[in-house]
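Q: When you get a sec, could you build the whole thing from the sequences and use the hints?
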Amino acid sequence: MKEIINEKVSVVTVYNRMKGLVIPCKIKWQNRIYRIKKIGFHHTIREGRKLCHIFSVTDGNLDFRLKFDSETLHWTLEEVSDGLAD
Amino acid sequence: MDLPINHNTPTVMHIDLNSCFATCEQQAFPHFRGKPLVVAAYGTPAGCVLSPSIEAKKLGIKVGMRVREARLLYRDIIVRTPDPPKYRAVHQQFVKIFRDYSPDVSPKSIDEAVIDFSQMPAVSEQGLINIGREIKQRMRQEIGEWISCNIGISTNRFLAKLAASLHKPDGLDVINYQNLENVYHQVTLLDFCGINIHFQARLNAGGIFTPTEMFQAPLQTLRYQVFKSIIGYYWYLRIRGWEIDEVNFGRKSYGQSYALPKPTADTRELASLLMKLGEKMGRRLRRAGFSALGIHVGCLYSDGTFWHQARKFPTEMYTTQEIFVKTMLIFNSQPVRKKVTHLSVSCYDLKSGAEKQLSLLETDVTHKRKLSDALDQINDRYGEYVITPAIMMGMRDVVIDRISYGGVRDLEDIYAQC
Chain A
1 MKEIINEKVS
11 VVTVYNRMKG
21 LVIPCKIKWQ
31 NRIYRIKKIG
41 FHHTIREGRK
51 LCHIFSVTDG
61 NLDFRLKFDS
71 ETLHWTLEEV
81 SDGLAD
Chain B
1001 MDLPINHNTP
1011 TVMHIDLNSC
1021 FATCEQQAFP
1031 HFRGKPLVVA
1041 AYGTPAGCVL
1051 SPSIEAKKLG
1061 IKVGMRVREA
1071 RLLYRDIIVR
1081 TPDPPKYRAV
1091 HQQFVKIFRD
1101 YSPDVSPKSI
1111 DEAVIDFSQM
1121 PAVSEQGLIN
1131 IGREIKQRMR
1141 QEIGEWISCN
1151 IGISTNRFLA
1161 KLAASLHKPD
1171 GLDVINYQNL
1181 ENVYHQVTLL
1191 DFCGINIHFQ
1201 ARLNAGGIFT
1211 PTEMFQAPLQ
1221 TLRYQVFKSI
1231 IGYYWYLRIR
1241 GWEIDEVNFG
1251 RKSYGQSYAL
1261 PKPTADTREL
1271 ASLLMKLGEK
1281 MGRRLRRAGF
1291 SALGIHVGCL
1301 YSDGTFWHQA
1311 RKFPTEMYTT
1321 QEIFVKTMLI
1331 FNSQPVRKKV
1341 THLSVSCYDL
1351 KSGAEKQLSL
1361 LETDVTHKRK
1371 LSDALDQIND
1381 RYGEYVITPA
1391 IMMGMRDVVI
1401 DRISYGGVRD
1411 LEDIYAQC
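The listed protein sequences correspond, in order, to chains A and B. Once you know that position 42 of the first sequence is 42 in our numbering, the rest is easy, because the numbers rise by one and skip nothing. Once you know that position 50 of the second sequence is 1050 in our numbering, the rest is easy, because the numbers rise by one and skip nothing.
None of these hints come from the bench; they were simulated from the model. The structure displayed is predicted, hence computed values, not measured ones. Possibly wrong hints are sitting among the right ones.
Below are the DSS-like pairs computed for lysine-lysine, each with C-alpha atoms no more than 30 Å apart in a straight line [stated by the list, open to error]:
(1) 38/A / 1096/B
(2) 26/A / 1035/B
(3) 1339/B / 1062/B
(4) 1370/B / 1339/B
(5) 1035/B / 2/A
(6) 1339/B / 38/A
(7) 1035/B / 28/A
A: Structure below.
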């Protein structure tokens, strides 16, 4: 079941200079910490000239869709899904 | 004398992503992997299935079904709505991989592309098979481990596409002069890309019921008896492995359409929708540097009837306002007002910016067009629909972004926005 959240969240990221990758590692949402185990897909979208990075990630139990706004540097949790039908 | 089969080395590779939209969702969200999932135009029971996952296809769920029909086949089916930016990102990534192998890459739709190696004579048939395997591996490494594709290799685009459809999913097949007739024994006429039930009926009427019979049919039968046009000759060449589909059709029109969730005859509501369709179409038209002389409006009514009209005007349309005024002029000429379920607008007879007659004097029209360009620039800078006509207020989530399936022309827009 998916749920649209659209809430700002705290995110710990790691930058890997060898691979040139930024990886979200932990999300703090509603006082709970979720450790990211895997990045499913990363892509970018443009809202006008503003570039946003979309990370689809999972902690093993839930899948999260995170948006990073490269202008304001804010992280938004857009969607959470447990992989089951609605 | 009969034309022989093309004995040249295969140089055309057709690559087709498996269940593109659904696979992209499964790639992004690992919990969806291995489960029956559909990407549907809307999540509502009447939403049309655009892309079933490989697991859903095994249950008999097909493109074009309604969500409610899919649920009848599998109650716990996962339904997702389209995420066009994600699919465009996957498209751009796979085209980037293909361009590492040949400069001649032709994207055919959001989920398929053709790589032509004919200008690279050093590449052998075995070399192409190795390239195909490497492409599959790179797609898994660079795009995502759940992404798989079918690859077909042959002497022309038609046979390469047929080869790609032989062993779904994740197949890699070659059709050459040695196995061509054997392949025709395994498939049906409807497996041929370009043969629909109407063409099949024509072929049946001409005494042709299988691909093998079509292959063995003389040119005269196909040209003068079955297709009764040059199309018969094209098919005669195509099924023998000769290339005739390497054609780039220029842009002739821009169009937008919308299936209304609730049929309505309310003129005000329909006018708002027509304005939004016109704005989306106008943005694409102006981005490509065109203006248009003709407008076509189509309405599908709730009783199943269809009305459409096209008209050319002496003056060019460029701004959304100009498009809207002409659209309404045509729309208001409907003979009967009925509940509309599907609206479409398109503009044709395109004129490029270079063909425009320059005016010595700054006219009102020139001012309006400059204003339109300025509004486009604001929307480009701050995001779509930051400034919109008042009639479009409250319509941000109506007529949302979509990818036309199977269309190659909209790919221009993808590359234009990069």
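Q: Compare the structure with the hints numbered earlier in the document and write down the numbers of the violated ones, lowest to highest.
A: The structure breaks hints 4, 6; every other hint is satisfied.
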